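As you go down the protein sequences, you meet chains A, B and C in turn.
Counting in my numbering, the first sequence runs from 1 upward without gaps.
Counting in my numbering, the second sequence runs from 1 upward without gaps.
Counting in my numbering, the third sequence runs from 1 upward without gaps.
Hints are supplied without guarantee of correctness; some may be wrong.
To be verified - Derived pair list, reagent style BS3-like, types lysine-lysine, alpha-carbon separation capped at 30 Å:
| hint | chain 1 | residue 1 | chain 2 | residue 2 |
| --- | --- | --- | --- | --- |
| 1 | A | K118 | C | K98 |
| 2 | C | K98 | A | K17 |
| 3 | B | K233 | B | K282 |
| 4 | A | K17 | C | K288 |
| 5 | B | K169 | B | K396 |
| 6 | C | K17 | A | K67 |
| 7 | A | K143 | C | K17 |
| 8 | A | K132 | C | K17 |
Since the hints were derived computationally from the structure, they do not count as laboratory data.
Remember, it's a predicted structure, so these values are computed and weren't measured experimentally.
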Amino acid sequence: MSVAEAIVVDGLCKEYKGRLGDRVMAVNNISFSVQEGEIFGFIGPNGAGKTTTIKMLLGLLFPTAGKAMVLGQPAGDIEAKERISYLPESPYFYEHMTGAECLDFYCQLFRMGSAARKTKVAELLERVGLSKDGKRALRQYSKGMLQRVGIAQALINDPDLLFFDEPTSGLDPIAHKDIQDLILSLRQQGKTVFLSSHQLSDVEHVCNRVAIINRGELVKIGTMDELLHAGRTIVTLSNVGDELMAEIKPLASHVAVDADLTRFYVEADEDVHKAIEAARGKATLVSVVPQRQTLEDLFVEIVREGRK
Amino acid sequence: MQERNRKLLYVLLVVLFLCSIAIQSSLNPTYMKMLKAGENKGASKSGDIMAQLPGQFIFASFTGFRQVIAGALWIRADDFFHRGQYQAIVPIVRIVTWLDPHNIDVFTTGAWHLDYNFVDEANSLSDKRYIPAAIALMKEGIANNPTIWDLYFELGWTHYSRKLLDDAKATEYIAKACKYGSLDANTGQKQPRPEFVDRMLAHSYEKLGRLDDAIKQWRICRVSTVRGIAMNKKKPGSAGTTDTSSLEICDRNMALLLLRMGWRYGRMDCYEEGLKIAESMKTPRDWVEATQSARKDFESRKGTNWGGDTARPIDTKFEVSWMRAAPQVLLIRGKANLVPASEYKGLASESFTHWFAQNEAAQGPIHKAWRDGCRVYWRLQDYDYKTEELESFSWKIDTSKTAAWGDIYVSGGSFSTNINMGDARDREMYPFTADKYKLTIWMSPVEPGMPDYVQDRVGWKGEAITDKNYLDLTTRPGFRMLKREFILKRSDII
Amino acid sequence: MIIWAIAKTTVGDALRKKVLQVFLVVAIALIVLSLSFSQTLEFSSRNGISADFMLLKSFGLGMMALAGIFISLILGVSLIPAEFERRTIYTILAKPVKRYEFVCGKFLGALMTLGITTGLMGVTFILTIVAKAIAAQHLGAGPTVAALQTQSTTGAESVAIFDWNMVWGVVMNYLQFMMLSSVVLLFSLIFTPTVNFFMGAAVYMVGFMSSIVQSLGNAEGASAFLKGLFTAVYYVLPQFDRFNVSNQLLHPETQITNMGFYTLWWGAYGLIYVLITLVVAILIFERKEV
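Extracted from the complex, chain A is given alone in its bound form (with noise of 0.2 Å):
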């Protein structure tokens, strides 16, 4: 592995075994790897086996095959640990504990010191803006407040690698902007992130490389770029007989017939004037609509694929 990965992921797998002895592939033989610096988006349908590919990446469980390497050590090794965070999807802290005091206790775990704790601290809550609730018991704080307490302990040791698990779930736009322009600055500081979520315009928006799991399988990863189309066309036509079906069928990807209305999807720009052309007399053009794929669209096209 060189040095600029930051995770390795090779030939991974989590088997759990039922009661009645029946076995569940949660992750299926995936294999990837995360560039130092690189803001990487790992996404997938409920279930699919983020959270256990996340979990195995951090130690807290043991894949049944296979092995991960994060930051040039094994996967769970507790030195990789001094150069990682973890924010959970919806984090929960000790109710009974102020903000300063939860912060001052994962503080602790890093083994700081008492002086430097309290520095430490006072600086997380000013980053992540809670400065003045910092005294208030977390049981107080709303579900944004708490997101940003996950957020500061993430920051604590200052990490090469940090995991993100949903951490736009359940905020307010603001909020979500100001995480997006964190996980950002990250990047621009060198951080890795490792951001799994189901907000896909967050992943779009501020990944670099994706990878989409999907019932415990790899099936896509790569750039945007890679992934999504570069662009195509829907022309949309009125009164379409049979002969002109026939004509401009072979060229569109794809075609949606809708009562009178058929859409034709056309990838190349070319493609589209022939059907235009090929129309012309024969049926009313409606529309014709330049589009470019999103990742939800891939997404979505993912899991039906997969659901069949």
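Once you've looked at the hints, dock chains B and C against the given chain A.
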């Protein structure tokens, strides 16, 4: 975790487990000894006790909650007492003394309860058939708590002396009590026994007429009192509540004993010694005046061949009869020439008791004609009834037996009492199933049958008592009693 | 430092459990209330001071034992599973915290929590007895019904203020709680909370009757297998009854051993037992998926 560390942990596990086994094995004998020390030594087989125990207590009785259960049951007993459910208390006493054999209060209260609380409705006489159970319970308590004075004393005083009028046995147990100390109520640490215990032994000897033993005991009391005062000066409380008032009690009692020996038997040496001790006490005023009066009397008798106030016999003219006033109602009446006021004229004791208002003797009613205060005892029981000596505590009595006794106050030279044993509510206590009965009526010179001032005339052992018909010298060897026995048939009573 | 940090957090979290607070408050209230039990008793042939103390102490120690057992069970049953349920364990184990440090921190936190609860009950208990002793010294107890009726002069008892035996009683109770909660903490890594509660209670009951188990192991006529089984159970399960010396403490005149020595050695046994359960817990947790 590295494999090496894991293996080390396994080794550590084995070592720790072996250490725990070693500690258990070495300490178990100590624990077993402690358990045994806490068990009831005198109780009968635990099986029958367990059968009495409510189910939910059985588990706890095997566990460390014995004390808590015993406490809870004792509170329940108190509740039964308030409600008058006296029978219900007895099994609780059994269970609690088994659960907690070192709870002194339960032994003493339980035994007292048996002796005193089962009374008839008509006469408020206690059911004497429970006395053996009470004594057996006390003896069980002693077997479990042999090194403290409490139960010995209680058995001697409350049961043998007051209930059974057996002063010899009472003295035996009070003497045993004098060998042992007490325990601090809170910490259980050894403490000296209360000073009254030793003084009661002296009184007991006096009752038995063992006067030299009584004097010796008073001297012992005095020495230990002086020692106790010194100990308390050094460390307050180390010798209980002993102080100068305790010394005064010793001196006064010894003075009175010696004076009485002088008055009653003409022992001038004792009279003089008694006076010296009495004169050393300058309060109260009555005492001082009484002492001065007694001194005058002593001086007047010195050198004469005076044999004491009891040298002159007194004819008691004892008469007693019974009749059936109604079915199971007996009327006992009689006369006893004890004691006309005239008998006290010129007595040496009068020089003192006439003046000493504080003296117990002077508190007795002084009638113009009679000095009342004597008691006649009666006892009606199945002909073959004997007060059993139980081997172990059992509260089951033989309800077919009849045994009752009490006392009658003598006033103005006569006595009379109506004993109603026919009340429907008292059927169980007076079954009258036997064919033959013995009714015994007697007078004894021993307290409380004859108080101090009566003994001043008749002597500790009744030396001055005479009677033509009913003088008894055999029931209590060395003592002169008055006694009459009647044999009754069932039909005489029913 | 990490173990201490986790232990402190555990204490703070545990002491805020409503169930635990309820048991503690009820136990303390009952201990104080027991002062009134003895004052209502008339059925006594003595001045009854020693009987009063007996009642007070037996109730106090018994109440403490009962409450402490429940507190130990509740604490042990929920301490670690709650971390899983609330998912707080993820943020902890994602940090450079070794698994054994987490387990040790939890155990230490449990022991500290038990120390605080036992300490509170113990201090209340001892103060109650001291208050009773001071009252008894100054006021004395009046003669009771029987004493008046029989003119009994028994019961003139002296009263020292402080009974050190009760301190031993509190210490022995704590040692029991310590062992029970460590067993239950260990079980919490294997069983669900409900099952664990009953398993823990069962261990306590069997351990409390260890003398009976020992007798079964020595029974003549029993097969070698049964003897071996009962002997194994006897040595493996904690012997709680050895720690329940309230009967002996309430009657120190029957003690035939030095209480300090006895406490020290059985305390050592208790600590060793806790270590055993801790080591097993570490071994299990090392391979436990979070």
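Structure-based check of all given hints:
Taking the CA atoms of A:K118 and C:K98, the gap is near 24 Å; set against the 30 Å cutoff, the hint holds. The hinted pair formed by C:K98 and A:K17 meets the criterion: a straight-line CA distance of about 27 Å does not exceed 30 Å. For the hint linking B:K233 to B:K282, the alpha-carbon distance of about 24 Å falls within 30 Å, and the restraint holds. A hinted pair counts as satisfied when its Cα atoms are at most 30 Å apart, and A:K17 with C:K288 qualifies at roughly 15 Å.
Between the alpha carbons of B:K169 and B:K396 the distance comes to roughly 24 Å, so the proposed pair stays at or under 30 Å and holds. This hinted pair does not check out: C:K17 and A:K67 have alpha carbons roughly 41 Å apart, beyond 30 Å. Restraint check: the Cα-Cα separation between A:K143 and C:K17 comes to about 23 Å, which is no more than 30 Å; the hinted pair holds. Distance check on the hinted pair: A:K132 and C:K17 sit about 28 Å apart at the alpha-carbon level, within 30 Å; holds.
Checked against the numbered hints listed earlier, the structure breaks hint 6 alone; every other hint is satisfied.
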